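Taken in order, these protein sequences are the chains called A and B.
Position 84 of the first sequence, counted from 1, bears residue number 84 in this note's numbering, the numbering being contiguous throughout.
Position 40 of the second sequence, counted from 1, bears residue number 40 in this note's numbering, the numbering being contiguous throughout.
No lab work stands behind these hints: they were computed from the structure.
Keep in mind that a hint or two might mislead.
[As the list claims (entries may be wrong)] Computed list of lysine-lysine pairs in DSS-like fashion (alpha-carbon distance at most 30 Å, straight line): (1) A:Lys78 x A:Lys42; (2) A:Lys42 x B:Lys107; (3) B:Lys107 x A:Lys78; (4) A:Lys57 x B:Lys107; (5) B:Lys107 x A:Lys83; (6) A:Lys57 x B:Lys69; (7) B:Lys3 x A:Lys42; (8) A:Lys78 x A:Lys57; (9) A:Lys57 x B:Lys3; (10) B:Lys69 x A:Lys42; (11) A:Lys57 x A:Lys42.
Please read these numbers as outputs of a predicted model, since none were measured by experiment.
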Amino acid sequence: EPEVTQTPSHQVTQMGQEVILRCVPISNHLYFYWYRQILGQKVEFLVSFYNNEISEKSEIFDDQFSVERPDGSNFTLKIRSTKLEDSAMYFCASSRQGWNQPQHFGDGTRLSIL
Amino acid sequence: DAKTTQPNSMESNEEEPVHLPCNHSTISGTDYIHWYRQLPSQGPEYVIHGLTSNVNNRMASLAIAEDRKSSTLILHRATLRDAAVYYCILRGAMYSGGGADGLTFGKGTHLIIQP
Chain A
1 EPEVTQTPSH
11 QVTQMGQEVI
21 LRCVPISNHL
31 YFYWYRQILG
41 QKVEFLVSFY
51 NNEISEKSEI
61 FDDQFSVERP
71 DGSNFTLKIR
81 STKLEDSAMY
91 FCASSRQGWN
101 QPQHFGDGTR
111 LSIL
Chain B
1 DAKTTQPNSM
11 ESNEEEPVHL
21 PCNHSTISGT
31 DYIHWYRQLP
41 SQGPEYVIHG
51 LTSNVNNRMA
61 SLAIAEDRKS
71 STLILHRATL
81 RDAAVYYCIL
91 RGAMYSGGGA
101 DGLTFGKGTH
111 LIIQP
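Could you put together the complete structure from these sequences and hints?
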């Protein structure tokens, strides 16, 4: 069964540095998402992406975050200047179509900010 | 978004059926009921969804009350691998921007399976 893959599985970064988290969504999917989960807390929606532009974003997704689909397969989340509170699991998801289709999640990247 | 209420945790025995309840008394007529689960150290996983009629798939069954104010996820024969946090999520029918809406996760129900 096709799956969403995320790299790296664990990223350690110094505070203030830029970090890029990478995702390869399922190949025929058109909608892409990023979520985060701080340790012990709920999964939180960050942003959705469709047709090469942001479709929806949450209050968490401020100017330090950006997303890009640089080629036909990768979907990236960039955090420009990381803060300690950005430490979390970041999950990428994709769905074939929009609102009522299941979202398929990767196993996440654990981001640790020192 | 309409709110859902789930028990914090439930415990069941292996190879027995499990019924996970969800209350959504403010559900609107066009909201779909979705269930996801999150196994330890993994990303969320889609389980099932429905609108009004009961639904079955290879993973589970979804029983929806006639007034749609509650639903129950049924695992017919629980295994140790079903130990996870189960999330009941409502998804509305009308969105702008191509319909790429994010899921709103609550705290879910932590299902413990005893061998």
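Hints, one by one, checked against the model:
no.	hint	verdict
1	A:Lys78 x A:Lys42	holds (21 Å)
2	A:Lys42 x B:Lys107	holds (6 Å)
3	B:Lys107 x A:Lys78	holds (27 Å)
4	A:Lys57 x B:Lys107	holds (21 Å)
5	B:Lys107 x A:Lys83	holds (25 Å)
6	A:Lys57 x B:Lys69	holds (29 Å)
7	B:Lys3 x A:Lys42	holds (15 Å)
8	A:Lys78 x A:Lys57	holds (14 Å)
9	A:Lys57 x B:Lys3	holds (20 Å)
10	B:Lys69 x A:Lys42	holds (23 Å)
11	A:Lys57 x A:Lys42	holds (17 Å)
Consistency note: the structure conflicts with none of the earlier hints.
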